[in-house]
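Could you use the hints to bring the two separately framed chains together as a complex?
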Amino acid sequence: MKMARGEGLPITGREIRLTLPLDEVQVRALKVGDVVLLNGPMHTGRDSLHHYLLTHDSPVPLEGSAIYHCGPVSLKRGDKWFINAAGPTTSSREEPYQGDLLRKFRIRAVIGKGGMGGKTLAALKEVGAVYLNAIGGAAQYYTRCITDVSGVDFLDFGIPEAMWHITVKDFPAIVTMDAHGNSLHAEIEHASARELSHHAERVTL
Amino acid sequence: MWGLRTAAHSVCAIPASRISGSRAVRCQPDYTTKEMPHGSIQDQHVLADRRDLLEPSPDVRRAINGARERETQERRQCLPWRPSPSTWTWLVMEWSRFARTPECRPLRSRPGRCHQMAMSAAIREAIADATKEGKLRPNAVDSLTGKNSGNNLGEGAPVIHFEQWEKDEVEVRLILKGGGCENKSIQYSLPAELPYLGRADRNIDGVRNASCTQCGRHRVMVAASVQSAWQSAETGRPAITMPKSSSSERSMTSIRFPIWRSWNNTSWTSQHAGNRTMDSGKGNPDRLQDRSISPAPASFFVSVAYDCWAFRRLGVVLDPSTGAIRRWLYKEDTRL
Chain A
3 MKMARGEGLP ITGREIRLTL PLDEVQVRAL KVGDVVLLNG PMHTGRDSLH HYLLTHDSPV
63 PLEGSAIYHC GPVSLKRGDK WFINAAGPTT SSREEPYQGD LLRKFRIRAV IGKGGMGGKT
123 LAALKEVGAV YLNAIGGAAQ YYTRCITDVS GVDFLDFGIP EAMWHITVKD FPAIVTMDAH
183 GNSLHAEIEH ASARELSHHA ERVTL
Chain B
365 MWGLRTAAHS VCAIPASRIS GSRAVRCQPD YTTKEMPHGS IQDQHVLADR RDLLEPSPDV
425 RRAINGARER ETQERRQCLP WRPSPSTWTW LVMEWSRFAR TPECRPLRSR PGRCHQMAMS
485 AAIREAIADA TKEGKLRPNA VDSLTGKNSG NNLGEGAPVI HFEQWEKDEV EVRLILKGGG
545 CENKSIQYSL PAELPYLGRA DRNIDGVRNA SCTQCGRHRV MVAASVQSAW QSAETGRPAI
605 TMPKSSSSER SMTSIRFPIW RSWNNTSWTS QHAGNRTMDS GKGNPDRLQD RSISPAPASF
665 FVSVAYDCWA FRRLGVVLDP STGAIRRWLY KEDTRL
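Chains as they are written, first to last, in this note's numbering: chain A, 3 to 207; chain B, 365 to 700.
For reference, chain B alone in the conformation it holds in the complex (with noise of 0.2 Å):
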């Protein structure tokens, strides 16, 4: 009745993925190029990219068989729907053809009443099938081999932010995110002399120097008074998060407009030398959503990422019963 198996034996491969997958690639380099064997994971069309698991070492067997415990005990429980890869699939499909320059980074997803592990397997499941079919470059790098896994599975790749709320639905939205996006992004910590600025203090004032350097910005996107190690999941929010302290809205105002005004002067894109529409969410405060954080006291980092023009989204809301598309979001209103 649940039309499971594929959901069910991709949960297993998540942990193994997780503890070893770049480990077995790295052993047994040629085993991707192998026929792949039927062993205990019966499921084919789950696995047909996922070859290196199907013999994984003994501390990923012993994840794998953990996870199906788990696994079978979850279905028992209260869980109405459960992704299909097929629909994962199709989304990403869907998207890459919206998309049309297809280079990929994060999804994030809204779940109601759905299985995370579920989604996370359909969601790496239709990214490697993507992959597979030339819609998404290969872009998840092991760091320490500089080995890229081929396939965009791999450690923190996709990235892929869950976040339960009360609505009975299931929102599930897929971000581009090209490489200039990335690794033109800044971080800086206040205090600090910042350069055309003078002096930027341990506050918000410190907030001021987001240059972009590379794409027309479609979005731009600012995490202040953060640990660093929040930094890339904060800016990589739709939204532009600010501390706590300012999130009255009189406050928020007259913390925008000296920012965004800053930005939408300044021919600061240098690509687009001289132009100064560069920046399409010009000026549009509702485009701003703004989000409150605790930071640890001692520490203010800046940090600033966009999107840029050619912002690729695409998002859909799906019935969490049955799995169903709702509807889609993105495809009529372009509003963030």
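With the rest of the complex left out, here is chain A (with noise of 0.2 Å):
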């Protein structure tokens, strides 16, 4: 709470805190539009993980755990990683797998930017679980929210695509696909569609 406020987001009281690993229970609970603040351990997952957990076990526990749409910049002091940079990546990209994982390994929170489409979200709904937003470009900010670097794997991956487990101390981020069906990424499109459609006009010289 204290980090939050310290980087100057407004805390107003009614923000969720959060312990991962996450129930049902829990999860249910959220509604579009919840912030939420995430305490403890979550993974970071990009493309290459998410092809690969598609067809095989994942490395650690994943249910009721959180998934976090990341590449982030890591060093290696010594034996220890740290972690330079950490936002959140497009979470599109994970849209062909994100539903069939949330299923297999009954994770409970995915965090990414730009939210992701009708497939997740219908399998959200159905295992239980949310898509929370953070904010793209805020790395440093995130950076700060990461406590400890307790592992890694797939390095082979790559720094950005492998899995990075970390842990987290009051992790801002909005509930924008919840477990219920709901999606805001799905309204905004909506609503923009239809200002755009009053831009329609022809453009000529």
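Because the hints were derived from the structure by calculation, they are not lab data. Careful: at least some of the hints might be erroneous.
[Claimed, not checked] Cut-off 30 Å, straight-line C-alpha distance, at most; resulting in silico cross-link-like pairs (BS3-like, lysine-lysine): (1) A:Lys121 to A:Lys33; (2) A:Lys171 to A:Lys82; (3) A:Lys127 to A:Lys171; (4) B:Lys496 to A:Lys78; (5) A:Lys121 to A:Lys106; (6) A:Lys82 to A:Lys33; (7) A:Lys171 to A:Lys33; (8) B:Lys531 to B:Lys511; (9) B:Lys511 to A:Lys82; (10) A:Lys171 to A:Lys106; (11) B:Lys511 to A:Lys106; (12) A:Lys106 to A:Lys127; (13) B:Lys496 to A:Lys171; (14) B:Lys496 to A:Lys82; (15) A:Lys171 to A:Lys78; (16) B:Lys511 to A:Lys78; (17) A:Lys127 to A:Lys33.
[Said to hold, decoys possible] Not the full set, but computed from the structure, chain B residues with beta-carbon under 10 Å of chain A: (18) Gly498; (19) Pro502; (20) Leu508; (21) Asn512; (22) Ser513; (23) Tyr560.
[Unchecked claim] Label pairs and their computed distance ranges (CB to CB): (24) B:Glu557 to A:Lys78: 50 to 58 Å; (25) B:Pro559 to A:Val62: 36 to 44 Å; (26) A:Leu157 to B:Ser685: 41 to 49 Å; (27) A:Gly80 to B:Arg691: 37 to 45 Å; (28) A:Glu128 to B:Trp529: 45 to 53 Å; (29) A:Lys82 to B:Gly520: 31 to 39 Å; (30) A:Pro61 to B:Asp683: 49 to 57 Å; (31) A:Leu56 to B:Thr509: 16 to 24 Å; (32) B:Glu557 to A:Phe84: 45 to 53 Å.
Idealized CB from N, CA, C, for every residue including glycine.
Okay, structure coming up:
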């Protein structure tokens, strides 16, 4: 809480503080628009990991866990890894995989930027999971929420694509897709489309 | 007198990395972990991060030798200054500090009387150093093997543009491109039926669909009427590019505003749900620069790229005879 306040995020007292891993009841209680502060272990994953997990087991248990769509900048000092920057990456790239992985591993939270599509939304509802939107470009802010890097798997995928096991404290995110079929991203797209159609006049020289 | 050993050898290293650097890495995957032998290329500083180049295959050796020959000849010619990698390293470090969130891509420079190969080598050197320091994320991935080079160097990485000009100074601009800015860029060919907009003809009328669905935008770049192979380079330029026929001020105004109005009035950036102030270049025509491109007749692609709100760039103007920094760009003047 102190971290979030110290960095200028306005704390209203209505934020929901969650400790990972999550259970289904906690997740089903969340609604689009809720701001959560995550605490505990989470795992990063991008295209390579999602592709891999479709056909393989996870090296760590993922039930109730949070997958963070993130390709960090990591440095090794001695035997210990440190994360220099860890902002969210584009979640829509994982749309072909995410729903299946939610069902297979019972992941409860997906964190990323930009939202995901209908296939994921259906899986969130079925499994009891949420999509949490983090702010793209604010990598340094999120990095300060990381208190530990407990390990890494699949380093051969490259640093950004590896599965980093991190521990966070008061990691803020907004529920933009909930376990009840609501998606703020879909709503915004429809609203934007309506506005865009007002600007459909021909462009002439 | 040149202080150029470093620059000279880094020039030699360019063709090697371009021709088969990634192949060398693939064939000898653990080679980079071995102690660096001291061979014909002596400058350890230059090659500290390029160990894979030290025992190249015969074709690479030929390329290196050829480059060395050429470089020696060029050295005798009229080149008053070559950048040292330390200059570039420093610039990239400074830039990274400025940037804070380092995920990188294109670089841009406008050389006056300087050696482009030496500059490229110095830039690549600095990129590798900055990556090693954790200032930049390793983003150069071989498309075929999926292997990350680990040092941000690879085929086409970093992206470096050179443009000669008449001014007696060297201008260097560095731009960081993050992921969402890249993978959410769009391209479509005209004529087309655009979602929510209807028919888009094979002319400027079709240049209307610019959706940014990830980060809030700082700057949107549109390239129109360009062969598809040019799209990436053109949208990476700090300008809005438009077809030649639209180069008059009057017509540009008439084009700009429908486009910008629609961008600025829609909540098109879904990440910042409901936030309408998503374009920090909003409504400011000064941010647009128009360039004309002559397309092939039947090729009308529209490409839309953008820089996100955390737009990160830095630039310097260098003295071409000494390499000294005359002034910084972007540090005070935030206009594009």
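Verification of the hints:
A threshold of 30 Å between alpha carbons decides the hint, and for A:Lys121 with A:Lys33 the separation of about 19 Å falls inside it, so the pair holds. For the proposed pair A:Lys171 and A:Lys82, the alpha carbon gap of about 19 Å is at most 30 Å, so the pair holds. Between A:Lys127 and A:Lys171, the direct Cα distance comes to roughly 27 Å. Compliance with the 30 Å bound is thereby established for this hinted pair. Simply put, B:Lys496 and A:Lys78 have alpha-carbon atoms about 10 Å apart, close enough for the 30 Å limit, and the pair holds.
The straight-line distance between the Cα atoms of A:Lys121 and A:Lys106 is roughly 14 Å, inside the 30 Å bound, and the hint therefore holds. For the given pair, A:Lys82 sits about 38 Å from A:Lys33 by alpha-carbon distance, which is inconsistent with the 30 Å threshold. Proximity of A:Lys171 to A:Lys33 is assessed by CA-CA distance (about 22 Å); at most 30 Å being required, the pair is judged to hold. At most 30 Å may separate the alpha-carbon atoms for a hinted pair to count; B:Lys531 and B:Lys511 exceed this at roughly 41 Å.
In summary, the hint linking B:Lys511 to A:Lys82 is supported, as the alpha carbons are separated by about 23 Å, within the 30 Å threshold. Restraint check for A:Lys171 and A:Lys106: satisfied, since their Cα atoms lie roughly 27 Å apart, inside the 30 Å limit. For the given pair, B:Lys511 sits about 27 Å from A:Lys106 by alpha-carbon distance, which is consistent with the 30 Å threshold. A hinted pair counts as satisfied when its Cα atoms are at most 30 Å apart, and A:Lys106 with A:Lys127 qualifies at roughly 14 Å.
At most 30 Å may separate the alpha-carbon atoms for a hinted pair to count; B:Lys496 and A:Lys171 meet this at roughly 28 Å. For the proposed pair B:Lys496 and A:Lys82, the alpha carbon gap of about 16 Å is at most 30 Å, so the pair holds. A distance of roughly 22 Å separates the Cα atoms of A:Lys171 and A:Lys78; the hinted pair therefore holds under the 30 Å criterion. Using a Cα cut-off of 30 Å, the hinted pair B:Lys511 and A:Lys78 holds, with the two alpha carbons roughly 19 Å apart.
Only pairs whose Cα atoms come within 30 Å are accepted, and A:Lys127 paired with A:Lys33 is accepted, the gap being roughly 12 Å. With a cut of 10 Å, the hint placing B:Gly498 at the interface with chain A holds, because the nearest CB-to-CB distance is about 4 Å. Nearest Cβ of chain A to the Cβ of B:Pro502: about 5 Å, under the 10 Å cut. The hint holds. Look at B:Leu508: its Cβ only gets to about 14 Å from chain A, farther than 10 Å, so that hint breaks.
The beta carbon of B:Asn512 comes within 3 Å of a beta carbon in chain A, closer than 10 Å, and the hint placing it at the interface holds. Because the smallest distance between the Cβ of B:Ser513 and any Cβ of chain A comes to about 9 Å, under 10 Å, the interface hint for this residue holds. About 4 Å separates the beta-carbon of B:Tyr560 from the nearest beta-carbon of chain A, less than 10 Å, and the hint is met. The hinted window of 50 to 58 Å between B:Glu557 and A:Lys78 holds, with their beta carbons roughly 51 Å apart.
In this structure the hint that B:Pro559 and A:Val62 lie 36 to 44 Å apart at CB holds, the actual value being about 41 Å. The hint said 41 to 49 Å for the Cβ distance between A:Leu157 and B:Ser685, and at roughly 46 Å that hint holds. Checked against the given bound of 37 to 45 Å, the beta carbons of A:Gly80 and B:Arg691, roughly 41 Å apart, stay inside it. For the hinted restraint 45 to 53 Å between A:Glu128 and B:Trp529, the CB-CB distance of approximately 60 Å leaves it violated.
Between A:Lys82 and B:Gly520 the Cβ separation comes to about 34 Å, which falls inside the hinted range of 31 to 39 Å. Between A:Pro61 and B:Asp683 the C-beta distance comes to about 54 Å, which sits within the given range of 49 to 57 Å. For A:Leu56 and B:Thr509, the hinted distance range of 16 to 24 Å is satisfied, since their beta carbons lie about 20 Å from each other. Look at B:Glu557 against A:Phe84: about 50 Å separates their beta carbons, and that is inside 45 to 53 Å.
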